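*Asks:* Positions in the sequence shown are counted from 1; adding 68 to them yields the numbering used here.
If you're looking for bench data, these hints aren't it; they were derived computationally from the structure.
None of these values were measured; they are calculated from a predicted model.
Don't be surprised by glycine CBs; every beta carbon is placed ideally from N, CA and C.
Any given hint could be a false lead.
[As the list claims (entries may be wrong)] Cβ pair distances, simulated, as ranges:
id, residue 1, residue 2, range
1, P132, D98, 30 to 38 Å
2, R70, Q94, 27 to 35 Å
3, D76, A111, 13 to 21 Å
4, D74, P132, 29 to 37 Å
5, D97, E133, 15 to 23 Å
6, D97, P132, 29 to 37 Å
7, P109, Q129, 28 to 36 Å
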Amino acid sequence: MRVDLDQDKCCGAGQCVLTAPEVFDQRDDDGIAFVLTERPPAALHERVREAALLCPAGAIQLAPE
Numbered sequence: 069m070r071v072d073l074d075q076d077k078c079c080g081a082g083q084c085v086l087t088a089p090e091v092f093d094q095r096d097d098d099g100i101a102f103v104l105t106e107r108p109p110a111a112l113h114e115r116v117r118e119a120a121l122l123c124p125a126g127a128i129q130l131a132p133e
């Protein structure tokens, strides 16, 4: 799986960070999220999918590898 996050769409809700903190983090100055690991291990795929579903801005896109 490949993870992409559109920072222009991100509203800083932080659901991704709460759901998959190994994959997502937020900038301190404005709360905009960013991806820590573009290709997370299989053990995290379910949580990454959940984070994408929970994102209120629809800023997270997932692509198969």
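*Asks:* So, for every hint listed, does it hold in this structure?
*Replies:* Hint check results:
1. Here the CB-CB span from P132 to D98 is close to 31 Å, well matched to the stated 30 to 38 Å.
2. Checked against the given bound of 27 to 35 Å, the beta carbons of R70 and Q94, roughly 20 Å apart, lie outside it.
3. Checked against the hint of 13 to 21 Å, the pair D76 and A111 fails, with Cβ atoms roughly 30 Å apart.
4. Checked against the hint of 29 to 37 Å, the pair D74 and P132 fails, with Cβ atoms roughly 18 Å apart.
5. For the pair D97 and E133, the supplied restraint of 15 to 23 Å is violated, since their beta-carbon distance comes to about 32 Å.
6. Our hint of 29 to 37 Å for D97 and P132 holds, since their Cβ atoms are close to 33 Å apart.
7. In this structure the hint that P109 and Q129 lie 28 to 36 Å apart at CB is violated, the actual value being about 19 Å.
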